[in-house]
Amino acid sequence: MKVLTRRDFLRTSGIAAAGLTFSRLGFDLTPAYVYAAELRTELRIKGAKETPTVCCFCSVGCGILVSTDAKGKVINAEGDPDHPISEGALCAKGASSYQIAVNENRLSKVRYRAPYSNTWKEVTWEWALDRIASNIKKSRDKSFMEKNADGKVVNRTNGIASVGSAAMDNEECWLFQKFLRSLGLIYIEHQARI
Amino acid sequence: MTNHFIDFRNADVILNMGSNVAENHPVSFKWIQAAKNRGATFIHVDPRYTRTSAKADIFARLRSGTDIAFLGGMIKYIIDNNLYDDFYLKNYTNASFIVNPKFSFDDGLFSGYDPTKRSYDQSNWALEKDENGIPKRDMTLQNERCVFQLLRKHYSRYTFEKVVSITGTPQEDLEKVYKAYASTSAPNKAGTVLYAMGWTQHTVGVQNIRAMSIIQSLLSNMGIAGGGINALRGESNVQGSTDQGLLFHIIPGYLPVPRAQWAKLEDYNKTTPATKDPRSVNWWKNRPKYVASLLKSFYGSKATKENDFCYEWLPKLDPTQDASWLNLFDEMYKGTFTGFFAWGMNPACSSANAGKVRQALAKLDWMVNVNVFDSETGSFWKGPGLDPKKIKTEVFQLPCAAFLEKEGSISNSGRWMQWRWKATNPPGDAMPDGEIMYDLFKKVQALYKKEKGAFPDPIMNLKWDYETNGKFDIHKVAKEINGYFLEDIKEHPVDKKEYKKGTLVPSFVFLLDDGRTSCGNWIYSASYTEAGNMAARRKKDDPTGLGLYPQWSWAWPVNRRIIYNRASVDLDGNPRDPERAILKWDAVNKKWVGDVPDGPAPPMGTEGVYPFIMKSDGVASIFGPGLKDGPFPEHYEPLECPIEKNIMSGQRINPVIKMFEGAADTFTTCDPKYPFVCSTYRVTEHWQTGVLTRWLPWLVEAEPQMFCEMSLELGKLRGIQNGDRVMVETSRGKVESVAIVTLRLKPFTIAGQTVHQIGIPWHYGWLQPKDGGESANLLTPTIGDPNTMIPESKAFMANVTKLTAQPAKKGKKG
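Same order as they appear, the protein sequences are chains D and X. Just so we're aligned: 46 in my numbering is position 46 of the first sequence, and the numbers increase by one with no gaps anywhere. Just so we're aligned: 427 in my numbering is position 427 of the second sequence, and the numbers increase by one with no gaps anywhere.
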C-alpha cells in the first residue's frame, strides 16, 4: 500500500480543494481538506526556509527538516517525510531538537576557570586558544618520549590524553585524530569504547 | 551493522537481545513492524519486560550476564536437531577446517593458559595448514578435530538443565526461542539479530556477539537480505567516529596503530594479513596502499617513498600497551597526565566508576571541555563533595555549534554516510568543532615555530590546509578523506586509464603504495569524487525492491549496502533466496546485478574465490582463534555475580580479564551487603548522560529524575512501595532514586536460589535538572572485556534500601 506522507496529503488535499469530494485515494478527504486548508493559513513554517539534516541522537539516522525564518532563526524542526529510513517520523528526542537551537541555557561564551577558583570567567577565543596552545606545548615538551625503555623510537606525548567524540561529524573526527596524533598523543579514546 | 535499518523488514525472524529497540531506537521499529506485517516472528530476550517485549511474539527473560549460556544452548539445539544449513556451513564457513592437536578445553580453560600472566598462548589454537600453507579441511565434517566436531563437543555441555539454572529462563521459553530462530536455516528464510550495549557491556562482551555470529553462520544468515549481525549503536556518529580512528588502537579505516616493535614502515607492513590460499581474496592484502595514502594525507609533500612517508613521526605504543578508556582514567587517577581534552564528552557521568573519574580530573593541570551545554565534566570542580579551593585544574569550556548549525556528514549504524546541511548560526561565540580544532592547531604550530620545543617535525610539517578564501572549509576535509591523485597517471595499473593530478580518486581500488595517491580513510574512499559529494544524494530509486536505496546518501565500503553479500548466492551465482535477491550473476554479460558485490570476481564455483573477502581464510569463522579469551564463546559469570560457583566450570569469571587494584576500585561477589543484580539502561526521552537532553524542557518534563525499577517481590521483601525514595548502593557509590515497583521485573531462580534484579537509567547528573539525581555510573565497576575493554555496566551487584529520612534538599544529592 502506498504510504500517505504529509506532502502527499497536502498535494492531494489540493485536488480536493479543486472541487473533488472523493480523491484519487478513494475515500472522502473533506475533513482532511479542511484541516489542511487550516494548516496552510495558520502554519508557522509558511514561507520559511527548510534545511534537511539528520538527527543528532541515536544511530538510526532519521531525517529532520529545520525551518528558519527570514532572519535565520530556527522556528521549527520536524521529521523529513522524504527520508527513506524515518519517513517523516521522529522519536521524542528527535522531535525536541528544536529546543537545542532555541535554548537559553546554550553555552555561547568561552569560559575559563582558573586554578583554585570557584567561578567561571568569560574570556575571548583569542585569549583561550593562546593559553590552551601554550598549555599543550608545556605538557607536550615536558612529557615527550623519543625512545621507550627498550630504546625503541616511539615519538609520543605521555602527558596528555583525549576523549571525544562521537557527537562530531566524520570530517571533524578525522581532523581531530590528525591533530592529536601530530601532537604525539596515544591516549585517544571516546564514547565508542564505553 | 552488516546490514541496515530498512533491511529489518526483509527478515522472517528478528531476535532483539541485549537491546531495547522500541525505546532506544524507536523510529527503526517501523521496519520491525513492517516485517511483522509480512508475518515475521519478533523475539525479545531481556532481563526486563519493556515496550519492546510488549510488541514481541515471544518474550524470554534472562539474568543479566548469561547470554552465552542462552546462546550456547541454542547452538546445541541447532546441532542436535540437524537444523543447520549444510551447504552454507561447508562452503562458506570454517566448519570443515582442521584445528591443530594442541587445542583442548578443560573445566573452563582453553589450552595455553598462563595463570601468572592471566593470558593465553593463542598459537595453541591455530588451524592446520597443508604443505602449501593452505588450511586443511574435511568436507564431510566427520574428522574429530574439525571445527564442526569441536563445536558440537564444546556446546554439548550446554544442556537445558544447565542453561535454565544459569539464565533463570524457563525451559519452555528457551525452546520457543530456539525453535523459532532455528527455522531461519532454510535458504529462503532470513533471521536477523539486533543488539546493543546489553551485549557489549560485559566481561564477555565480544564473545556474546561471537556466539550469535556462530549461530548466524550455522543458519546461513550472514550476507543476506533480512539477515546479518546488527549493532544498534547509541550515538548518531559513533560508527563514523570509530571508522575515523578516534580510538587508541586504530588509525583511520581500521588500520592497526603503530607500535614500537615496528620501527619502519616495512616492519608495520609485514603484519599485513596474508594467505597462501589462491581462493581467498584477503582484501587486507591491500593495506600497504592504504597506509601510504593515509600518511600522504597527514604529511603531504613531506612524505616520500624514500623517507617512509614520515611513518616515524606517528606516535607509537609499547608492544602490548593498552591505552583504552579504563586504563586512561586509571592513569589519570595516578597522576600520569597534566593535560586533557574532553571534547564533546561528559566522562564525569558516562564512565564506569564515575566517582573515580571525578577524582582523576582534579589531578590534571588543565582540561579543555567542548560542549553544547554545561556538563558535570566541565563543572566537575564545583561538584558534590568537592571543594573548588583545593582543585588546581585549569578548565577551558569552549562553546560549540550544535548539529543543525554546521555542515558535515555522519554515519549511522547501517554505515550510511549522510550529509547534514547548515540551517542556522550557532549562538553567541559558539563555533563548529572543526573550526575550533583548526584554529587551535594553527596556534600550536605558531608557538612551535616561534619557540621550538620537543620534536617539532610532525607539528611543523602537518598538512593543515583546509581553507577556502581564508575560512575553514569542511568540504576540503571531506575530499581529503576520499583521497586524491597526487601526480598525473598516464595508465593506471587497475584500469589502464589516465588520471590527472589533483583529481579525486574514484575509490580505494585506485590507491597506490608509492606516494602517487593520498587518502585520509580508505573505507570512505568513493564518498566524495569528481562526480560530487555522494553523502549528499537524495534520490530514492530502489532497483532491487529490497529497500537498499543505493542513491540515497552513501554507504561504506563503495556504497555496498549489505556486506558479505556473496554469501547470499550459490556456487553458480544464483540467489539462494530468489524472493530476496540482493545479488545475482548475469552470466551473459559476466557481471553481478543488485547490490555492490563483495569484489567483482565471478561466482565461486568449485575453484573460484570464497565470499568473506575481509577474512584471511575467505570464510566465516565459527572457530575464532584470534581472540584473547578463546576460540569458542564460553559462559563465565560477571565479575560481580550472585553465585559462588559457575555452573559450567571451575572458572567463575573470564580468566583473562584485567583486574584494577587501586583504592577506588572495589568489587563484591556473593556479599550479603550487595545482594541484587543491577543493570543500567536508557529511556526514550533521554540520551546518554543527558548531556543534551537534560537541558531540553520538553524531555525533562517527560522523564524528570533518577529511578530504580524492581519487582513486586523485591518491593515486598524490602518494604518499598512504588514512588518511595530509595538508595541504590554498590561498594563504589550511592545514588538516590525514586522506586518503581513493577511487574516488568521478576525474581529469577538461579542454581536453585531466588535472585533479584534491579535496573536504573544512566541519564542523570548533579548539574541539571537540580533535583534530577545523580549518575548511575557512580555505581558501576572498573572492569572490561579482555578484547575491547568495554566496561561491564550491565551486570554488577548492588543493594537497594528504602530511605526513611526526609529526602535530601535540592542540589545536595549524591
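The hints are simulated quantities; they were obtained by calculation from the structure and are not laboratory data. All values derive from a computational prediction rather than experimental measurement. Please note that the accuracy of each hint is not assured.
[What the hints assert, rightly or not] Straight line, CA to CA, 30 Å or less: simulated BS3-like cross-link-like pairs of lysine-lysine:
1) D:Lys138 / X:Lys389
2) D:Lys142 / X:Lys497
3) D:Lys147 / X:Lys443
4) X:Lys363 / D:Lys142
5) D:Lys138 / X:Lys463
6) X:Lys452 / D:Lys138
7) D:Lys152 / X:Lys628
8) D:Lys138 / X:Lys615
9) D:Lys147 / X:Lys289
10) X:Lys129 / D:Lys147
11) D:Lys152 / X:Lys117
12) X:Lys463 / X:Lys497
13) D:Lys147 / X:Lys117
14) X:Lys129 / X:Lys501
15) D:Lys147 / X:Lys389
16) X:Lys392 / D:Lys121
17) X:Lys422 / X:Lys540
18) X:Lys264 / D:Lys109
19) D:Lys138 / X:Lys264
20) X:Lys390 / D:Lys142
21) D:Lys46 / X:Lys389
22) X:Lys443 / D:Lys109
30 Å Cα cutoff - pair Lys392 of chain X, Lys121 of chain D: 16 Å, holds
Straight-line alpha-carbon gap Lys363 of chain X to Lys142 of chain D, limit 30 Å: The given pair, whose Cα atoms are some 16 Å apart, holds under the 30 Å limit.
Proposed proximity, Lys443 of chain X with Lys147 of chain D (alpha carbon, max 30 Å): 27 Å, holds
30 Å Cα cutoff - pair Lys138 of chain D, Lys389 of chain X: At roughly 24 Å apart (the allowed maximum being 30 Å), Lys389 of chain X and Lys138 of chain D satisfy the hint.
Restraint check for Lys138 of chain D with Lys463 of chain X, where alpha carbons must lie at most 30 Å apart: 23 Å, holds
30 Å limit on alpha-carbon distance, applied to hinted pair Lys452 of chain X and Lys138 of chain D: Holds, at about 11 Å.
Lys147 of chain D paired with Lys389 of chain X [C-alpha distance capped at 30 Å]: 38 Å, violated
30 Å Cα cutoff - pair Lys138 of chain D, Lys264 of chain X: Roughly 29 Å separates the two Cα atoms, so the pair holds.
Restraint check for Lys264 of chain X with Lys109 of chain D, where alpha carbons must lie at most 30 Å apart: 46 Å, violated
Proposed proximity, Lys497 of chain X with Lys142 of chain D (alpha carbon, max 30 Å): Violated - the C-alpha atoms of Lys497 of chain X and Lys142 of chain D are around 51 Å apart, more than 30 Å.
30 Å Cα cutoff - pair Lys463 of chain X, Lys497 of chain X: 29 Å, holds
30 Å limit on alpha-carbon distance, applied to hinted pair Lys147 of chain D and Lys117 of chain X: Judged against 30 Å, a Cα distance of about 26 Å means the pair holds.
Of the hints listed earlier, those the structure fails to meet are numbers 2, 8, 10, 14, 15, 18 and 21, in rising order.
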